[in-house]
Amino acid sequence: MSYMKEFTKGLIKENPNLVMLLGMCPTLAVTTMAENGLGMGLATTFVLVCSNLVISLLKKVIPSTVRLPCFIVIIAGFVTFVSLLLDAFLPSLANSLGVFLSLITVNCIILGRAEMFACKNKVLPSVLDGLGMGLGFTCSLIIVGSIREILGTGKWFGITILPDFVEPMTLFILPAGGFFTLGCVIAIVGKLSRKKPKTVGCDGCPGRAFCKHAEKEESENGAC
Amino acid sequence: MLKYIKPVIVLALITTVISTLLIATYNLTYKDTSGIITEDMLVQCKRLAGEGDYSVVTDINVQLPESIRKVITNQNGDILFEIVANGYNKGGLDLLIYMNSDGSIGGTSVISISETPGLGTKVNDPEFLDKFCGISEKAIIVKQEPASENEVQAVTSATYSSKGVASAVNDAIEAYKSMEVSK
Amino acid sequence: MELAKNLMIILITGILTENFILCKFYGICPFLGVSKTFSGAAGMGLAVTFVMVGATAVTYPIYYGILVPLNITYLNTICFILIIASFVQVVEMVLKKFVPPLYKALGVYLPLITTNCAVLGVTIINIESEYSFIEALTNAFAGGLGFLLVMIIFSGVRGRIEKCNVPAALSGTPITLIAASITSLSFVGFGGIVDGIFGG
Chain B
1 MSYMKEFTKG LIKENPNLVM LLGMCPTLAV TTMAENGLGM GLATTFVLVC SNLVISLLKK
61 VIPSTVRLPC FIVIIAGFVT FVSLLLDAFL PSLANSLGVF LSLITVNCII LGRAEMFACK
121 NKVLPSVLDG LGMGLGFTCS LIIVGSIREI LGTGKWFGIT ILPDFVEPMT LFILPAGGFF
181 TLGCVIAIVG KLSRKKPKTV GCDGCPGRAF CKHAEKEESE NGAC
Chain E
225 MLKYIKPVIV LALITTVIST LLIATYNLTY KDTSGIITED MLVQCKRLAG EGDYSVVTDI
285 NVQLPESIRK VITNQNGDIL FEIVANGYNK GGLDLLIYMN SDGSIGGTSV ISISETPGLG
345 TKVNDPEFLD KFCGISEKAI IVKQEPASEN EVQAVTSATY SSKGVASAVN DAIEAYKSME
405 VSK
Chain X
408 MELAKNLMII LITGILTENF ILCKFYGICP FLGVSKTFSG AAGMGLAVTF VMVGATAVTY
468 PIYYGILVPL NITYLNTICF ILIIASFVQV VEMVLKKFVP PLYKALGVYL PLITTNCAVL
528 GVTIINIESE YSFIEALTNA FAGGLGFLLV MIIFSGVRGR IEKCNVPAAL SGTPITLIAA
588 SITSLSFVGF GGIVDGIFGG
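Chains as they are written, first to last, in my numbering: chain B, 1 to 224; chain E, 225 to 407; chain X, 408 to 607.
Pulled out of the complex, with its shape left as it was, chain B reads as follows (with noise of 0.2 Å):
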């Protein structure tokens, strides 16, 4: 039962993008087109759900000291791994995503969730954990590719979708588009779960463990 809260958590109360703001970068580079979002959303996924195990796996033999570079190395490890893999079997995607698959690494979300939660719990709740975030993660990053991609070129996973008189407007698809679109839909998830979006504090931070900041500012709500 309370397995089920941990999978749902990352869907919609505590969705890593929308609500969390954590997993910024890839959300606007990667989302030109629907498919290229979902993509992203699945190697995302798959890194954290085994990067979750792993650590889980390893709590107890991970020293304190090193911890963070511990981490680091497990999430870049799986990171290669999904990218040979997508170089052999989905080259296409793997030039679509470019750089960002290996910038996967450094993405907030996976050594966040580490840091909280997976090095502090067993192993079955981590895997759901990572699970329910990573599909978060995926579908808002379907959802603001699908709007950028509709918008920006009238199609939808490669589908043409508007009407022919109706003209696309390339500027979904260019990075200012990116930066407007997340923010509409950033400010309707926050009115509708009727939530004051957060600034980006220190929740997510993976540094917040070190960050003598996060102590001084955590009273004015002052980011990190």
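Calculated from the structure, these hints are not laboratory results. Nothing false has been slipped in among the hints.
Sample of chain B residues with no beta-carbon within 10 Å of chain E, all distances over it, derived:
id	residue
1	MET4
2	PRO125
3	ILE142
4	GLU167
5	VAL185
Taking CB as the label site, the calculated pair distances span:
id	chain 1	residue 1	chain 2	residue 2	range
6	E	VAL280	B	GLY158	28 to 36 Å
7	E	LYS362	B	LEU192	52 to 60 Å
8	E	LYS230	X	ILE541	38 to 46 Å
9	E	GLU263	X	ARG567	53 to 61 Å
10	E	ASP349	X	ILE559	37 to 45 Å
11	X	GLY598	B	LYS122	47 to 55 Å
Positions of the beta carbon are idealized from the N, C-alpha and C atoms, including for glycine.
We have chain B already, so just place chains E and X on it with the hints.
Relative to the frame of chain B, chains E and X by itself:
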């Protein structure tokens, strides 16, 4: 002392295990396509130059432009070039260009493209690529209506990628000339 | 002369036309998080620039000196991120011991930079674009300067936004993102500079 050594050892151990697994994965999944014609490429060749037996030409004794990856020929002696050109991204355009026997471009096809999705990738459009057919001298990309045979209008918001295709076309023309001269 | 021209092109491209935050989307998390005050923005920007140049200086020789000869170039992600993490750690220790005032100003941001996409991103881009060592360093420096520039601009923008009447749903991150989109559009205007000055 042990207090300091143990974390470093654990880190080194984890790194070594992961690296070993990755090296194994790499060797299992790596496909070396440098000397062969892949399935996709074969389909493109047949689309541009018709059915036939295609093979890579290996005995080329003339200096070809750097961007030429492979020279492919078939039983009729048709020549196709696989060219990797820089568009917006370095090496973002992997093209197959078919040459007519008079040294002009017979057809252009995209093997793979890693340009900006939605913008640069718009050059992967038969309407644009066909504009290069028949060009036998240096192709130039222009922003307005083309004024001469060799001018091609760029795809909107894909100028760098269009210029990349043009540079590939020019390399193909130059390579064909060098090969003809050396015969 | 050719080298100087290339370096100038890389500098201008990195700072303006392909700005690391507004066009390439690296470093968004600190951009949204730390750009509220001028001192925070400047501090983070300078620290990031320093780490980017330093990381490039270390990862470049290791890539071409060790990974390429051994044919294990795909291990570059692991290798680079370990190098970056260690570099940041070392810099923090050195600053703490030898330059305490600088450590007080910048040290808080240093651990955060390990997970900054910009640092890992620039080291990978330098390899992919096949730059020489000098070009790679210039690229990292340009990226860092561009990052610093946008952070400072944004600390001003956010200061002004706060004095305005923003609808409740949009306040905080959404309005910052929308402001970023407009700034990003204005940077598109720099698109013709490189071709214009250097004749493409």
